Amino acid sequence: MVADVSSPPANNRPRRVALFVTCLVDLFRPSVGFAAVKLLEDAGCTVEVPPLQVCCGQPAYNSGDRTTTRAIAAQIVEMFEGYEAVVVPSGSCGGMLSRHYPGLFDDEPAMKARAERLAARSHELVSFLVDVLGVTSVAAHYEDVVTYHDSCSGLRELGIKQQPRRLLDSVRGLTMREMSTPEVCCGFGGTFCVKYPEISNAMVGEKSADVAASGAGTLLAGDLGCLLNMAGKLQRDGNPVRVRHVAEVLADMGSLPPIGEVGRQR
Amino acid sequence: MQSTSRNFHHNVEDALANPNLQDSLAKLKVGFSERRRQAVERLPEFEALRDAARDIKNHTLANLDFYLEEFERKVTALGGHVHWAPTAADARRIITELCLSVGARTIAKSKSMISEEIGINDHLEAQGIAPIETDLGEYIIQLRREPPSHIIAPAVHLTKDQVADTFLEHHRALGFTQRLTERSDLVAEARHVLRQKFLDADVGLTGANFLVAETGSSMLVTNEGNADLSNTLPRMHIVLASIEKVIPTLEDAAVLLRVLARSATGQESSVYTTLNTGPKRSGDLDGPSQYHVVILDNGRSSVLGTDMQEMLRCIRCGACMNHCPVYGAIGGHAYGWVYPGPIGAVLTPQLIGVEEASNLPNASTFCGRCESVCPVRIPLPKLMRHWREREFERHLTPKAVRQGLALWSFLAQRPKLYRLLTGWTNRTLALFGRGEGRFRALPLASGWTRFRDFPAPESGGTFHAQWARHGGARPRP
Ligand code: SF4
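As you go down the protein sequences, you meet chains A and B in turn. Position one of the first sequence corresponds to residue 16 (my numbering), numbered consecutively onward. Position one of the second sequence corresponds to residue 922 (my numbering), numbered consecutively onward.
Accuracy of the hints is not assured; some may be wrong.
Here are the simulated DSS-like cross-link-like pairs (lysine-lysine), alpha carbons at most 30 Å apart as the crow flies [unchecked claim]:
#, chain 1, residue 1, chain 2, residue 2
1, B, Lys1320, A, Lys176
2, A, Lys210, B, Lys1081
3, A, Lys176, A, Lys210
4, B, Lys1118, B, Lys950
5, B, Lys1337, A, Lys176
6, A, Lys127, B, Lys948
7, B, Lys1320, B, Lys1303
8, A, Lys127, B, Lys950
9, B, Lys950, A, Lys53
10, A, Lys210, B, Lys1337
11, B, Lys948, A, Lys210
The set of hints was computed from the structure by calculation and includes no laboratory data. From a predicted model like this one, the values you see are computed outputs, not experimental measurements.
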């Protein structure tokens, strides 16, 4: 049986939640991880970070290396067993755990069952807050016009669309302004962006123009890969839009320097 | 058709540097997806219809031999003929023999992707038979001797000005000496030129959207009505279709037609939907006296029963390419063969070999937009991933990618070593990126920094280092 995380645990005991940090957050933007911890703690969870976690395996999975993917997935399944929920500040890594792991073990029923248990408990951060914990607002302040990019896996694999917008709505000072095609891919695609740099550039170029045309001063999204890609392009184009992970703004950490910038704050 | 898929990288560069193509793609990206969106909005049961369409195709594929035989029985009973073509060469031979048997000099063709797949035009020309494309888009690219760049809009890569120039060049000899600028005038001129060709044609060659087993009918949808002239005026009608086009009943066709037009062009239904059921009967006023159906396999049956079978559900609506950001950036020709876009990335390796087409299933971000619009719910990203797995197994993955992956997977399976290395990388990048917060160039990352800056990590160390430093808690301000 899978623990039912949608109803609060008995006797108001805090939920024991594991954070899957993701390799990009670990290396490039630890603040996203800390923002996630804060949001989860504010919503009444205790957060643990299994220390030896590395990567969800997408680079191997998307390159067709199934053997390595299985080895990495088995490692993660092992490490994250026993938590009420596993929360990931990324739709793409979250989707990997919750949508793709079980299929890796079709020929290993015991392992498949464990992967399915993990899948059922794995959630992308913002959808976990809204859909599972029932969070409806956050205590945060961010003074800017904001546009939101719907990262592909979050949107199409996990159905994340309204959840971040609902919480952003409660941020004081924040005005939302949609770009014309928030659901079109930014061209990151993991290794795609270095294997097919010209196509990726054409895609992120269009995204960057759409962001600029929205007139927003800040671009938010829920996946660091997309954010690094879009920030890199906007900055190369000399566009002053600030780029941040949505969790930072929701956790009231919007005074940190934006991605790819130092010293510059709001 | 000769493939250039092997030169994918080169094709991509050409496509990105072609301003006419980029103009056309800019229009396509907005137009098609917006029209589909509106059509879907008007039909609340659309998602349920997609399920029904998927189920019809799955049922047919599971019983394909039965329905193909049933179709053949019905066609034969009506006085028509079914010809089985295991390969493209067989299909070319059968069609050529049929044309020669009636001494055909010209044949009127309506748009058929299968005819591109088997390269019938060049083959017929070599035999002294002139194939005339009667679909406007196909006619334009035939004049320009170009392959189609889209499965339902073959000339979508061209601007109106390019079409005007092409017509002036080719129609001058027929007495049309004025360069036209209005779309409607271009259409009228093409219609005028084509009308005579319909009347001259000895054979009509069409594709089929569906072959209906229950009635032995071939079904074709167009917006121009050209197929109806191709199959009623000449004395022989040849239908060229692949094995997966068969469906059980007319009822099933009704479901599939409802999702097809909406997915393709956002229309409720195409302008012309034509059923051809056998040759002209005694008493009929018109119609062909001979009716032949050439059914092509060309490598399709080998995916039946495998994890790739789902590709055969495709009804060729084009929605996956209309919504694909990669197709939107590079257009159809860059894919290098008949079928572009996501379905092309899945079908092409099957039909011409994964060595030749190895780039196609890799050139995707797996954004999933194709799957989200496919009327028969083909999991296109999953199928592309299957191809990547086969390439990896067969050592077709480029060496640099394999080596990078090998190093990364070694580390990813050794968390402690990984931590040491990421800690070092984080500190180094943060240190050198301290000035601006980003890099304009970085060794080993030129694929990235050619076009974008590379954001430097935040200062303070990796997440895990900071978490450990604070005793398993977040640093508090
Ligand atoms: S794969 Fe689906 S969306 Fe693409 S052409 Fe075929 S039916 Fe249409």
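Cross-check of the supplied hints:
no., hint, result
1, Lys1320(B) x Lys176(A), "violated, 39 Å"
2, Lys210(A) x Lys1081(B), "violated, 34 Å"
3, Lys176(A) x Lys210(A), "holds, 29 Å"
4, Lys1118(B) x Lys950(B), "violated, 34 Å"
5, Lys1337(B) x Lys176(A), "violated, 37 Å"
6, Lys127(A) x Lys948(B), "violated, 46 Å"
7, Lys1320(B) x Lys1303(B), "holds, 23 Å"
8, Lys127(A) x Lys950(B), "violated, 40 Å"
9, Lys950(B) x Lys53(A), "violated, 41 Å"
10, Lys210(A) x Lys1337(B), "holds, 29 Å"
11, Lys948(B) x Lys210(A), "holds, 27 Å"
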